[in-house]
Amino acid sequence: MSLTDRRQILGGLAATATVLGAPYVSAQAQPHVIVIGGGFGGATCARFLHRAGIKVTLIEENATYTSCPFSNLVIHGSREISAQQFSYDALKSEGITIVAQRAQSVDGDARRVTLNDGTTLTYDRLILSPGIDMRFDALPGYDAASAELMPHAWKAGAQTVLLRRQLEAMEDGGLVVMSVPANPYRCPPGPYERASLIAHYLKTKKPKSKLIVLDAKDQFSKQKLFQEAWANLYPDHLEYVPLAAGGKTTEVIASDKTVVTEFSRYTAAVANIIPPQQAGKIAQLAGAADRTGWCPIDPMTFESKLRPNMHVIGDAAIMGAMPKSAFAANAQAKLCAQTVAQLLRGETPAEPKLVNTCYSLVAPDYGISVAGVYRPGNGVFVDIEGAGGTSPLTAPQDVRTREAAYSNAWFGIITAEVFG
Amino acid sequence: MRIVLLVTTLALISGPVAAQSPAPPGALTCSGCHGAAGSELPSLRGKDAATITQALLAFRSGAREATLMNRITKGFSEDELAAIAVWIEAQKDVK
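Top to bottom, those sequences are chains L and B. If you're matching positions, the first sequence starts at 1 in the working numbering and goes up one per residue. If you're matching positions, the second sequence starts at 1001 in the working numbering and goes up one per residue.
One or more of the hints may lead you astray.
Just the calculated beta-carbon pair ranges, DEER-fashion [unchecked claim]: (1) L/K92 / B/A1036: 19 to 27 Å; (2) B/G1046 / L/G379: 38 to 46 Å; (3) B/E1040 / L/L233: 22 to 30 Å; (4) B/S1077 / L/D298: 22 to 30 Å; (5) L/D365 / B/G1046: 26 to 34 Å; (6) L/E385 / B/R1064: 21 to 29 Å.
To be clear, the hints were calculated from the coordinates, so they are not data collected in a lab. All C-beta atoms in this analysis are idealised placements derived from N, C-alpha and C, irrespective of residue type, glycine included.
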């Protein structure tokens, strides 16, 4: 008998552990964990909880997940949206219960989730991994309707395809404008990767066109590496306007795709507006978000600082130095699954360390990366000094080519771990 | 090597218990980049703890060239890296 077989049989025994009286300490039936949200965080967490022998229900209304990482290549025109899409079939066949509904509300006192069809589920521990929602009240002129004219494409799917189609339909010589928000938001280097790949598309397909990037801040992730590459690759196709030069968008007018800043107005042929964001709506409804719109957590356990027995992982949570990335959500999810399993067994989790790795493409064969190692500190995650950092500046092209290849390999491996 | 043998033996005697024993700090992250064989990113499956420890320490000291592992390993002590390596070896039969 292989180890895996032994595990499955013993895992099956653990599934009826209440009869045997071990290993669970709960007085009631077998503990039940609900995970809300089936992205890089939630799907991973459900999977690792299930493998740890915990009874888990994953609530995710969509039958298909569309990945944000690599979606900038869809906008670039070199990748199809179908390559971004993943089903939950592998999770189901592993035996994970998936409820294809929207979580309508959470009653933290009763430890109860109500679904959109009115049924209720109770939990011992709840894991919220709802990702982000756009704040359609934060930028004058930008709401759900104007996003159909000036796409954000910051949740992958129809919005991604819309932005690609707009770029493809644009005549050569057109002006593309990107608006980038202040921190915090999903995927800190993401807007700059997107700017790079749009500039690459313009340079190679519509060389009389130009991209202007309007930024509400002066500093951003991997900035020196991006700006080094932009100066070399896209001097005629990408203009970056930081906050200090009047880059902050103050209003948009969707009807004629006008973007207004403190000093200027730009009327674009294509406008990509990335608005300010907040934790996904269910986190707000559950009472796990504070007035910033994000969810404070205890970095030892990911448990909400506002609601007991609720844990928040991924983009929705306030993680301190750890960025809102798919890699981070996946790493947090695995640790959170382990921690919740320990808590349910009455154990005390040890102090963790977490790692983030984030690749960006500044051209299809030119990759750069940033990494960080983190530990709990000051109620969030803090950087471990001396570790992490970015790819070197002025590196030979073969380093950039290798990092582009690693980036591609990473996407295959992480999506296999989460959905495969 | 005694630790490695001990962990392996434990895993053979009581698979689920060993599988449920908590991963050391940082260890759960590795599988975000290192999965099945046949990728540009090397698989760790089937590698023994001594080999993994040696590689991690060489990345950390700069003796071994890397694009990224040098930056990550600097966030861990030698003992932490060794503990991660032992844990990875123990996962080889765990899905």
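Hints, verified against the model:
L/K92 and B/A1036 have their C-beta atoms about 21 Å apart, which keeps the hinted 19 to 27 Å range intact. The beta-carbon spacing between B/G1046 and L/G379, approximately 40 Å, falls within the hinted interval of 38 to 46 Å. A beta carbon spacing of about 23 Å between B/E1040 and L/L233 agrees with the range 22 to 30 Å that was offered as a hint. Distance hint check for B/S1077 and L/D298: the Cβ-Cβ separation is about 24 Å, which falls inside the suggested range of 22 to 30 Å.
Take L/D365 and B/G1046: their Cβ atoms lie about 31 Å apart, and the range 26 to 34 Å holds. For L/E385 and B/R1064, the Cβ-Cβ distance of about 22 Å falls inside the hinted range of 21 to 29 Å, so the restraint holds.
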